[in-house]
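Undergrad: With chain U fixed as given, assemble chain L onto it according to the hints.
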Amino acid sequence: QKEVEQDPGPLSVPEGAIVSLNCTYSNSAFQYFMWYRQYSRKGPELLMYTYSSGNKEDGRFTAQVDKSSKYISLFIRDSQPSDSATYLCAMNTGNNRLAFGKGNQVVVIP
Amino acid sequence: DVKVTQSSRYLVKRTGEKVFLECVQDMDHENMFWYRQDPGLGLRLIYFSYDVKMKEKGDIPEGYSVSREKKERFSLILESASTNQTSMYLCASSSPGLNTGELFFGEGSRLTVL
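Sequence order for the protein chains is U and L.
According to the working numbering, the first sequence holds residues 1 to 110 in order.
According to the working numbering, the second sequence holds residues 1 to 114 in order.
In isolation and in its complexed conformation, chain L is listed as follows:
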């Protein structure tokens, strides 16, 4: 059974803290993505990566960075968390070369910043 695992389902952090959200996939996918999902705004792409050590900015990268040191792992980093980063964060992976748009999502990490 294919799987994208987000290690933390629920996190509560304080303003200014550094936050790491980890994502691991077991499908040997080259492509990995980080989205945030907010009510009324849908899914918005933060960063993505098509290969190890490669990263590209998505639509809303401000305040975030990413790390991809291994193919199976893609980490999202909030250098100094702010209250407007309270959100559901979703990681996804896909196989390159297929244009069917099939992304495999994790179950999400709900982050609250106080």
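With the rest of the complex left out, here is chain U:
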């Protein structure tokens, strides 16, 4: 079983819709959970991180962690064309050695 599972299917939504992305993981010892955003022909950049279970909100972005289910989610409200990117979940396995999901390509259609 892989450490992090993220269904890599692409996602197209109309502008203004809510985007919902999720990942599952296998190691219950993980404590730090990240979402990275990667624009085309660029390196990934950290979007949000969450410690342990709970929600974290940053503007239109909300990250949720459910440690009991080993499940993390990212929600993008009022999606904009500028949100079109690949979103990767990641978990810190220790000293910033990260295990990444495969990523979801999101396209927001004006």
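A hint or two may mislead.
Unchecked claim - Listed below are the simulated BS3-like cross-link pairs for lysine-lysine, each with C-alpha atoms no more than 30 Å apart in a straight line:
{"no.": "1", "chain 1": "L", "residue 1": "K53", "chain 2": "L", "residue 2": "K13"}
{"no.": "2", "chain 1": "U", "residue 1": "K42", "chain 2": "L", "residue 2": "K53"}
{"no.": "3", "chain 1": "U", "residue 1": "K42", "chain 2": "L", "residue 2": "K71"}
{"no.": "4", "chain 1": "U", "residue 1": "K2", "chain 2": "L", "residue 2": "K57"}
{"no.": "5", "chain 1": "U", "residue 1": "K42", "chain 2": "L", "residue 2": "K55"}
{"no.": "6", "chain 1": "L", "residue 1": "K70", "chain 2": "U", "residue 2": "K42"}
{"no.": "7", "chain 1": "U", "residue 1": "K67", "chain 2": "L", "residue 2": "K53"}
{"no.": "8", "chain 1": "L", "residue 1": "K18", "chain 2": "U", "residue 2": "K42"}
{"no.": "9", "chain 1": "L", "residue 1": "K3", "chain 2": "U", "residue 2": "K56"}
{"no.": "10", "chain 1": "U", "residue 1": "K67", "chain 2": "U", "residue 2": "K2"}
{"no.": "11", "chain 1": "U", "residue 1": "K2", "chain 2": "L", "residue 2": "K55"}
{"no.": "12", "chain 1": "L", "residue 1": "K3", "chain 2": "L", "residue 2": "K18"}
{"no.": "13", "chain 1": "L", "residue 1": "K3", "chain 2": "L", "residue 2": "K13"}
{"no.": "14", "chain 1": "L", "residue 1": "K57", "chain 2": "U", "residue 2": "K70"}
{"no.": "15", "chain 1": "L", "residue 1": "K71", "chain 2": "L", "residue 2": "K13"}
To be verified - Some chain L residues judged to face chain U by a derived CB distance under 7 Å, without partners named:
{"no.": "16", "residue": "D38"}
{"no.": "17", "residue": "L43"}
{"no.": "18", "residue": "P61"}
{"no.": "19", "residue": "L90"}
{"no.": "20", "residue": "S94"}
{"no.": "21", "residue": "T100"}
{"no.": "22", "residue": "F105"}
{"no.": "23", "residue": "G106"}
{"no.": "24", "residue": "G108"}
By construction, these hints were calculated from the structure, which means they are not laboratory data.
Here the structure is a predicted model, which is why all the values come from computation and not from measurement.
For glycine and all other residues, C-beta sits at the position ideal for the given N, C-alpha and C.
TA: Below, chain L alone, put in the same frame as chain U:
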């Protein structure tokens, strides 16, 4: 503005050639990483380093080696390039002691091996 610079954005090499991918960071970070990114496979860790002259194997080190002679520079070496090493290579750095998982990535080096 913090920066991780990968000197070559696009390279085309022939099978059997030795390939050097260079990465330099200006943030005085101890930790540096090399990943490769392939469609449908995500980011996979090749090698990492927590200090000068120190290196650790990641998840897919076969066919690669690394060099870290200076803190700011981490080089990935393909001793004899093969077609299955055609990929996007991403270098990253981070500060130790922070568990937030914030890696700073370069823009990537797209390598094609013919």
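Undergrad: Which of the numbered hints above does this structure break?
TA: 7, 16, 18
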